[in-house]
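Chemist: Next come the chains, spelled out residue by residue.
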Amino acid sequence: MSEAKQIILEVTGMKNISRSKRFFKRTAGSVKAVDDVHFYIREGETFGLVGESGCGKTTLGRCILRAIEPSDGKTHFRDRTGNMVDLNTLDSRRLRAFRRDIQLIFQDPYSSLNPRMTVLGIVGEPLVCNKLAGGEKLKERVRELMEMVGLDSRHLERYPHAFSGGQRQRIGIARALATNPRFIVCDEAVSALDVSVQAQILNLLQDLQRKLGLSYLFISHDLGVIQHISDRVGVMYVGRMVETARTGQLFARPRHPYTEALLSAKPLPDPRRKAERIILSGEVANPANPPSGCYFHPRCPYATDICRMEKPPWRAVGDDHYVACHRTDELELQGAAI
Amino acid sequence: MSTVLEKTDKRGIGISRRSRRRRDEQGAYEVASQWQLMWWKFRKHKLAMASAVILLLMYLTAAFCEFLAPTLPAQRFTEYKNAPPQTVRFYDKESGFSFRPFVYDMKMEVDTKTFRRTFQADTSKKYPIHFFVRGEPYKLWGIFKTDIHLFGTKEAGAPLFLMGTDDLGRDLFTRILYGARVSLSFGILGIILTLVLGLLLGGISGYLGGVTDTVIQRAIDLLICLPTIPLWMALAAALPRSWSALDIYMGMIVIFSIIGWTGLARVVRGKILSLREEDFTMAARLAGASDIRIIRKHLLPSFASYIIVNTTLAIPGTILGETSLSFLGLGLQAPVVSWGVLLKDAQNLETLAHHPWLLWPAFFIVLTVLMFNFLGDGLRDAADPYK
Amino acid sequence: MTVRAREEFVKPASGREDAVMEVKNLKVHFQLDEGLLKAVDGVDLTIRRGRTLGIVGESGCGKSVTSQALLRIVPASGKVEGEILLYPSDRSKIDGIDIPDGDPVDLVGLDGKGRTIRSIRGGEIAMIFQEPMKAFSPIHTIGDQIMEAILLHKTANRKEAYDIALETLRKVGMSNPEQRMDEYPHQLSGGMRQRAMIAMALSCEPSILIADEPTTALDVTVQAQVLQLINELRDHTGTSVIFITHDLGVIAEMSDEVAVMYLGKVVEYTDVDTLFYGPKHPYTKALLNSIPSVARRDRLESIEGTVPFPMNLPPGCGFYSRCPLAEDGVCNAGDIPLREIARGHRVRCVKAEQV
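Protein chains in written order, with UniProt numbering: chain R, 1 to 338; chain V, 1 to 387; chain U, 1 to 355.
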């Protein structure tokens, strides 16, 4: 890991709490989709965000883009001049300027493309909206983008229904690249695709990163994908970040019991290595009604009284390694079987 | 990056080698817009296609009713009150077969016991039917003054009653044609106003949300609760009697739209709410698109097809509404001719028993409503070509 | 989990004696406006007692339609051909059929809505689905729905059925089964619902359990629980399992034999170890290489292009357009047969030796 790389995005204390109201405005409860999350991403780096359904990883990604408004916290983003700007304080006009730098790739290649627009319209939309190109120049740029993502640039006038799932995802990527962004949130970008197509898209994303110097926040529930593509990984559980570390370190020597269980639960594509699994009891806690203390304690095999009482602090346990667990120093946790 | 390009090129060749022929066949499909896809799918729905053709013919007929009708709707044939439909003949005992169709004259006879008047064909007198004949003068669409009718007899006052006459001796066929103009246009105009109200209020309700949404939704709830026929009757009764026929016609359209927009508004609101959550709407927002652009480029095209379907299915309701009100004597009044007004003549049992041809307008009402329903079904199946 | 004691009482694959079902040349064709869609096109499978057959493939390869065909629940527009021979464990469970003992029942020949197939569904062959919420009726309790199956296939006594249902729920590791019996599907969590569905499927002690992507909708930690449960139940009851999934990790975890499907055909059929350590079909090999796996961090080997639509396909190998070994005039000349290249290892490729 080179030390020279600067931080491009730093999230501190991010929260997204939606209060559900009942009749007569009595607060019925609040859902902490994202609860006090801290992490940072370096320039040119892929930060993998992994967690099970309902852990808030998608909400977190959208809060960074301000597609969903965060309730609290700061999102510092390095602009092109090198200054760190808190995106959460920007008004809508200045935010629009920043949106050119931060883009999103969606999970569902079907619902994310308007079926009533041609590829030219879809990929060109960010350019048209930001008045960056028009007419022949627009077509030129869209052709260039299509070639960049491995699509036939003659298919400008086609509609999304003429493309397969993998090709549609390429269109989505081309749209995200249109404004020359520096940071892209990939929200389960390969989860809806078949294995062989998924590999094509992962390779494409890596090639683009190398060529254009992009930084990714790569959100996925698939540990294999996360391990393959990420430089550093963050693990979320019920709205909280429980551990972030460099990929190798996290997989070899996790410091949080949930990370350990997650690594152990993944079925390996190898019949000779049926690992001794740590099978967690119970299911993911409901974010509307989370347990006390550490949210993981009801399922944690190592939980003690302090875990039931107090929220574990977020602290550094090594170089680039952060964890939220009371007992991390006492535990000897197992990494993924390699 | 170069590796990506290499792979693409290789793949491109691979595909073209194998399936160039298929691609050419598919070429049209790949660049087909939503409307083309809809049309392709609609075309397969035979019943809906037939309905569309029949409806088109009916509307064309209504548009040219003055020319197509052999006489005028108010023209009385006093000799032929309550005459039954005549048969158009090509064969005569005396002169044999002729290409020119003709009708026999009719003679009225009174039954000495029941005093019922019946008509018998008088084979001694033939009236040949000519095409593009000069008859009663009229103004087509109130502009072009002419006296040419598509068909008719050359003798003035000669009977030519394809669907019989009413108790004042007026030709029912002519009246049905003129009635078609009023009834069919009522359906279209009524739905346009309904559409405007529904789109506007539903759109505002869905897009703004919050208090506005609640107020509009509760208003809809309230309107839906009211029983429609009494409400129509009350509103129709409130129209001043002094108004001209056209004013009443317009007034009725307004009444129907005020009551009818609620269903459409709900459809529009629901669709907007679901479309707002679509990923592509968010993608547009992240691309920096303004609200106006999102509505115009993403929301409106996405639910245009739904609106068309819902509108098509709502037209028969309006037509039936007008018919029922006019039938009850609360809607359009004579001398305006609409199918509902015509049916008023068939209100009593005596008429039905002795002059069943007065029910012809009902046949056309049923036909129209059925055709619109079939058309709507076909459109609904074709509406979302991406499923 | 690692205990593989059942190897002791389940003999290794051999002969017809331990086959509970044989599928021969199964075809499911759908006549669409655009042409003939060959969803399943000549599939041969053997399901052995107490073992798990994994069927793996990408979307649209026909793996789900195959499983539907086994239960004769293919949508009405589909035409099923071939033979599905069921060797019933308990003839008395099957209604309205008159075949001497030991002879198989051909499910393709049965009336798709008749008494016989209905008694086989649930009784002899049970199925669990990807989305348990859709498999349960939302207006009846879990208990009622499990009991309904038992009353249909096993006993007419409600008390007895209740006891069996309760016992099955306990067997699938449901906490507090008495209370769960009276709960509605929406009151259970995803994993619990999947357990309840497994309980319903197993309540009548079927000889074959078809699991169609049963863990795809579940989180990875819950998936581990469910996979473990299915393996344990199979070991205890001797039920054969047909496990359908797109996830090669799950296949490695669950299967004894694996059939890899591509475009409605089985392209490779062998035991799980050979599949992962000596694949002989270029597609299988490419599929394995495209999994982002724990050990590798270099570039993935992707398969170029996309799966063609299974309609109006050109003759020859379905993988031809994407295959690195494809040779014009050889691979696209005619139908490629599934041939046995080693004992119990069948491959549909003329160039298998070069892989």
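Hints are not guaranteed to be accurate.
[To be verified] Straight-line alpha carbon distances no greater than 27 Å define the calculated BS3-like cross-link-like pairs of lysine-lysine that follow:
hint, chain 1, residue 1, chain 2, residue 2
1, V, Lys297, R, Lys139
2, R, Lys137, V, Lys297
3, R, Lys274, U, Lys27
FYI, nobody ran anything at the bench for these hints, they're computed from the structure.
Chemist: Determine which of the earlier numbered hints do not hold for this structure and return their numbers in increasing order.
Modeler: 3
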